[in-house]
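J.: These are the residues of each chain, in order.
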Amino acid sequence: MKKLLIVEDDALMLKLYEAAFVGAGYVVDTAADGLVAWEKIVAGKPDGVLMDIMIPKLTGLEILDKLKADPAFKDMPVVMLTNLTAPKVVEEAQSKGARACLLKDRHTPKEMVDKVKELLFAP
Amino acid sequence: MALKLKIKTKLFFILLGVGLLPATIFGFFNIYNAQRELKNEILSKLLVLAEAKEGQIFAYLDFLESEAGSFASDGVIKSKLGEITTQGSKEAVDLLNQHLILNKLPVDKAIVGILVMDTEGKVVASTNSEEVGESEAGDDYFIKGLKDVVSVDLRREKHFGLIDSFVAAAPVTNVESGKVLGVIAIFFRTEKLADILSGKFQEEKGALTGNKGLSKTTEIYLVDKEKRMFVHPPGNHGHGELNYPEMIVNTEPVKNCLERGEETISAYRNYSGEEVLGSSMCITEKGWTLLVEVHASEAFAATNRTWFLFGSTSVLFLAVVGVLAAFFGRKFSDPIKKLHEGSEIIGEGKYDYRLHIKTGDELEQLGEAFNQMADQLKAYTSGLAEKLKERTKELAEKIEGLKLANQSAEELKAAMLNLLEDAKALEEDLKKERDRATGIISSMGESLLVLNRSYEIVLMNPAAETLLEVSAKDAVGRPWSDFTRVYLADKEIPIRERSAVKALESGHAVTTRVEDDHYYEGFKTKRRFPVVAISAPLKSGEDVIGVVKVFRDATFEKEHLTIIERAVAERTRELRDKNVVLEEAKRKVSEGWLMLQEEKARLMAAIQSLPRGFILTDVEGQILITNQLLEKILGPVKGGWTLSEVQNRLTGYVEVQELFRKCISEKRSIILKDIPFVSRILNFFITPVFIEAGKIIGTMILFEDVTEAKILERSKDEFFSIASHELRTPLTAIRGNASMILDYFSEQVKDQELREMLDDIHTSSVRLIEIVNDFLNMSRLEQGKITFHNQAFQIEELVTEVLDELAPQAKQKNLALTLVDAKKKYPAVFVDRDRTKEVLLNIIGNALKFTEKGEVKVTLAPKGNQLEVAVSDTGRGISYKNQRLLFRKFQQAGDSLYTRDTTRGTGLGLYISKLMVEGMGGKIYLVKSVEGVGSTFALTLPGVESEKK
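Line by line, the protein sequences are chains Y and R.
Per my numbering, the first sequence starts with residue 1, numbered consecutively.
Per my numbering, the second sequence starts with residue 1001, numbered consecutively.
In case anyone wonders, no lab produced these hints; they're calculated from the structure.
Just so you know, even glycine gets a beta-carbon here, dropped at the ideal spot from N, CA and C.
Take the hints with a grain of salt, since some may be wrong.
To be verified - Here are a few chain Y residues that sit away from chain R, every Cβ distance over 10 Å (derived from the structure):
(1) 69
(2) 72
(3) 73
(4) 92
To be verified - EDC-like, lysine to aspartate or glutamate: derived pairs with alpha carbons at most 16 Å apart:
(5) R:1673 to R:1708
(6) Y:88 to R:1834
(7) Y:117 to Y:47
(8) R:1179 to R:1148
(9) R:1539 to R:1505
(10) Y:110 to R:1743
(11) Y:117 to Y:18
(12) Y:88 to R:1832
(13) R:1122 to R:1083
Claimed, not checked - Selected chain Y positions facing chain R (Cβ under 8 Å, derived; list incomplete):
(14) 10
(15) 12
(16) 13
(17) 16
(18) 19
(19) 20
(20) 23
(21) 83
(22) 104
(23) 105
(24) 108
(25) 109
(26) 110
Bound conformation, chain R alone (with noise of 0.2 Å):
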């Protein structure tokens, strides 16, 4: 940012810069250095005032400690101090008191009073009789002065009297042996150094140098090594006397003697935090501290006035400059000033505005160039200001006019409006008082009617409404006798005797009570219910103008006491019955109970008698009733059985606890079949105990022992399949030799008879080897032994395979055989295909078989899901009563088992077609056979669509 200065201020401060800066550095730097100076000179001198102060400190300590040995060597001391020690002699200690009271005590003014100590301390003599006794063993000055001889400041111990006092003690030595006796202490006043450092002393001694010349603010005093002012005379220092045993000295040069043994010479703060020039003395033997300090304000107080002069004599010549500057500034600066202002002023359109400018230079020049445009610009501008004075003028006047013209239509506007307003608070008024009193009516429980003279209804409330069953809108206006019929009991009340009638007529109010038994009528639903009303007379003045009617259904009244006697009555009746129940009960229950008796011991001896372990228990798993034959079958048990004792003996073969969960949440039965418990094989059933309502009251579980039974069929099982597969081999044999030799070598068997042997062993040995394949098979599909692969396939392309391969065989007998509407295409069976087709030759195999004449037929037709196969025949027909016998083991329609024709095969064919058939889910049954026409058989066969499912 430019400093935007005034030419006037840029003209002030050079002439300032030029005419005070060089005076005042110099100025400055001059009575600075005469500072320093006296600063040093000032100190010099301080440190020789103390080195002459810890001179004579030191001298007199010496005169202290000589006065203190002379003592010591006085011989009555000596020689009563022995005699004290030594006999302990009491008249001894009385003439050493005297002695130091009388010869000792008025050697020195400074003495304040003596004690003599033996070796071990004791106040043995003191010139004050109260110090006698006390014991100053552990004390500096003691354990000292039996060595030697010595000064010492002794602080707050009081001593004849005084806190702080200053001690020289001596050792007291035999005269003979020099062994030490005791001590002798001498206690001085510290005034006496007072008065050393204050120069009364050596005034006193007529010394030439005491303390002249020093400045008032001088200060010399003592420190101890703890710190502590005590010794600080009462001097020219103007603080008066210091109550300084209490003052603590912590400053720098203090601090720099006990710490380092370093004395000072400077300025620094004392010990009240004034700034002062010092210089210390450190009295390293006794850990004292000289100072000698002057105030810094009178020690500078010579350049201090120096300062103030400089400074004053400073402002002075700004002064002058600053008036002189201002002259000069002034007079150059004016002009332009004047041309600034002018052209501002000319800016804001005063375009008569002229500058005086008489300065005779350039600037007066400037100045009438400028007047000049000015002049110019006054005359262009003032023809288009006359225009628009005109103009403005007009505007004014006109909207003068237009003012007015508002004003009063404001005026008329409000007056309407207040018109308004009172006639809106009217209304609202009204509609408030209105509104109060159809609420009143609304909300009243008790329905209310109000009619005129002539009975018409003029309003009626909401709870009227729905009694009525009519509604206001509709009944308003009209006669009330329209709406509402009276009754008293069954009877209609006429018009005119009506309660609201009377009320009108008589001008009093009519109430129509419980007792009166009236009735009204609704509208609508033509329901009529008791009534208790008031008819009042509507009054306005003397005049009765209507009838105010206020009803209710009385209903709850009216029946109240009936229901109560009926209640009671009912009640009674009640009672009395059920004491008959329960009498017919008891007796039922005595009945019941000896029949439960009864029952239980048949119900006992019928589970005992079980062939199958058993165990009921209740919902929770207790075991409520076993039989012997649990045990044989667990195990002994002791203590009776519990359901995790019989899963003990369980763990691993059934999980008893489960099932039992599993049984009561799922209610249902469970059967594991063939479980093997240790050697034996077991079957378990548990099924929920119900009584009425599918509640379930426990679970009855059972163990069958079906060891012997599974042995006896495995062993049928491999009695079975071993024989017919150990008759197979060799029946192959047999066959195959006789089909040899028929086959290869018939030529050479010449004899018919021989021949026709032959052909017997041959077809003899291929019907053993399908009656072994009939046992075989039905063995194994009653064992559930073969797995059927079911697949899709269309069926009837196996029928066409079926009726192919028996095609010979018919027409051997001269049968047609035939797929009835053969190019029929059927939706895909979903069976065991090699199965299937063993059925299928089986049966129409069957139907060739049984027919001589005619024909053999096969039907296909979907039936749901499933595809029937129908096989019909023309044949001889199966008798009524051997129908039932049919798909039986063994029997063949129309034989029994000892005259039939054996050559015709097993009897197990339709068996074994049965249990293939169900065993791939469909059926095979006879659909119908009259003997002499002909018999029909169908099977019916799973969808793929029904496998889907």
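In isolation and in its complexed conformation, chain Y is listed as follows (with noise of 0.2 Å):
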């Protein structure tokens, strides 16, 4: 079974998207912050990390800086989150190493578990 971290401050959004890919079979581990998201990647290295870009502490792109930058985490799969239109910061995400990033209100739960499943964990 695939171990994945999502991080994410809202805690409603959080408790939707752990449900989701809960329901859609994988272990999730959950951060509410940029620190907690950071102990868990080092402690649980999980299989893949499903990342709000606007979140406390460290952002979503700090931390994705971080990962490439450490030669254990480098080849971890990040896909990005954002509420934010602006194509910029999706640009941005892209340009850091992160598989995509995905505007969260274009997609329902269900969508955002396969285009994740497709984007983390395809052969």
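Work from the hints to combine the two standalone chains into their complex.
T.: Encoded structure:
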């Protein structure tokens, strides 16, 4: 079973995504801010990370930088989430090495599960 | 180069060498040695003489000094001097003088005078009373004489009538005390010394050694320490008395003596540059040089004679040897010379020449062999010479014949040339005359015509050609009346009455004046012009053979008066008119001034109440008008505004002066927006002020304080984005949960009603998100915060993509949705692909939404550099009244704000589409719409080509 870390500061959204991915058969760990997320990445070594950009303490982009700079984690697949429609943010996330940057309001939880499966764990 | 000498010459030189050279060398050495010995002999003799003279001089000097000593010890002199120096006795002076004259002067004939001096050097007594009272304090002899007996030569110091003299001086001492009372000095003539040198003295004294035996050029003399000759006795030297005090002797022995104290004995040049043998003695004590010299010419007289003898003997010998050498040389060389000459003569072709050598030796045999060779040569060449002679004669005859023929031809040619030259000269003279006449006529300012008796033109000049508009080439030989018509005022003058005819018939000149009112008419243009003319008969003897006409265009004269009159009238009228205009202008100005004042007052009021800081400048940048608001914006000012003051306030924010210059030079307005000035935000505006014809008379500058407006705008923007962002997160959660239930847990919701309620929640949340997104998009578009990523792509591909996405919706309503000519290729467009897709989705989506039956079709068409996308539907159409509300914010065609169907969207769709299309450089518009029939919307998008431009 794939181990997925979901990072999201909005409790409702976190709960929603957790339910969706658990329902789809993933082992899900969660983090509500950047620091906790980094600790859990280091300690738990998840198979993939689904991470909001706008989170407290460390932003999603900062964590992405740390991952890519560390040889132990640079191959860990990451999908970013955002509510911002500015194309600049999406481009920046992709240039830093994220597999994709998805707009939260464009996809239903089901679609999100399908996308993540395709982007992070496709054979 | 080899020296080419004849045998004779060679022999001559050999004989000369053998005979003369040894004798010459031997003779030369003998004479040379003899001369050297003679020189040594003479020098040693001179040395002996010099030494003898030196000894005599010393002896004489000793004698003088002893005499001075004896004078000094004279009791009378001592006692009188004692009296004079101690008591100043006048009597003693006289007595002493007497004593000197009577008792001392006669002692020696050589004494010229005696001086007695006190210790101060003052002469107290003398043999000559004139000397008494003189001071000798600085004199050498006095200074030395105070201490001891001395003898000194006095140079250039006059005493007792002598310039040069010789002094012996001695101290006079007190008998008892031995104290020095003064000095006695005895002056001698130098003649005595001269006598010693010349030997006269010795002879007088009966000595055996005089100067006998000295040669006549021998000179013996003394030179003092200043190189001056001071004793030079007239002797046997042949020079007579020398003015020796003036003579400077700068010779080698004098220099040797004075500089090194060395005595000389050698040959050198004396004071007058003559070669002498000499010997010197240095009398170092006095700085004198004693010289004994004999002229080399005399000394070597004997050897010189020997040299002469030797030379003449050599010459004689040379002559004898020469004659002998020549004789023998000739004897040997003559036959050889003859042989040489003979061969040269034969070589020239004179084969008859024969040699005659009778020496009886080998040379004679050689001569005979030569003669035989000459015989053979002569025999061989005589035949050849005969033929040559004949041939030469023939040629000479032929040449003679040719010469004669040539001579006569030359004479003929010369005669013809003379003839031709004469003819040419004549022709040239004629031509010159003709040219001169033609020149005069052509250059005349007046027109000239010559007519013959039949009034045919014989000649016309260029001025006439111009005026009558005809060329001489065409006119000459034809009647004058064919070309020119003549008028009196408007009426043509008949030919018989024309002035040319009158002149010819009457035989007198006829003059036509301006007042006669005659006109000529140009041939081509028929231009009529007034004319003044003279027609004169052309006479040859008594016969009139033609007429000469001289005329000119008199237009100017004719019109002159009329023009002046007209001009005066015109001016008068103009002046009157101007006066009226001036009056009118005055009136208008006074009216205008009042109006201007009113206008100005209104303008000032307007400016003062303007909600902008206001500045009006002239072109130089002087500020003419400002309003009070300017001070509120830029701060209070003292002493009025200047442009540099305004600049000071705004430095770092706005370069006012630079913008002012730019505005004037580029003649355009400049606007700067949102300038953060201290804590405010300003808009700056400068515009040139024109009057008619684009002339700039100044600028107007406005400052607008937009601080409040900016703050308001910013808070609105912030509200929009924050609200939108904050709204979306919970909305996404609601929608997510609703869709989760519908997607994963629908079987568990059994109740139909509950299921519908969940559906409603989901639908509403979807719509709510759309609304929020629309708001956010609109807000960002309005603020220009969206950047368009324009790129080139094929629009037909994007349309197909959009149609595919919307196909399910069309199928649901059973509508046909097509792209016309789907296979066709179109020029690429250059816009933001994603934004264009949103616009297309909106427009085609709308068409589907408002159509219940029929079809929606998309047509593509290039329009210039743009591409038009037209979307037509068969829907319900839009009423004319509502068409103008399309593309407005919150408007949906057909709905009022309160009655609109809120289930169908925000009404922002077209407005957002419009903002996007225009942001990408395109346009969106309604092509047509008929209610109940359908609508066509279109958008044009810039193509790649237009983008390049």
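J.: Against this structure, judge whether each hint is valid.
T.: Against the structure, the hints:
no.	hint	verdict
1	69	29 Å, holds
2	72	33 Å, holds
3	73	28 Å, holds
4	92	14 Å, holds
5	R:1673 to R:1708	14 Å, holds
6	Y:88 to R:1834	14 Å, holds
7	Y:117 to Y:47	12 Å, holds
8	R:1179 to R:1148	13 Å, holds
9	R:1539 to R:1505	12 Å, holds
10	Y:110 to R:1743	7 Å, holds
11	Y:117 to Y:18	14 Å, holds
12	Y:88 to R:1832	14 Å, holds
13	R:1122 to R:1083	15 Å, holds
14	10	5 Å, holds
15	12	4 Å, holds
16	13	5 Å, holds
17	16	5 Å, holds
18	19	7 Å, holds
19	20	6 Å, holds
20	23	6 Å, holds
21	83	5 Å, holds
22	104	5 Å, holds
23	105	5 Å, holds
24	108	4 Å, holds
25	109	5 Å, holds
26	110	4 Å, holds
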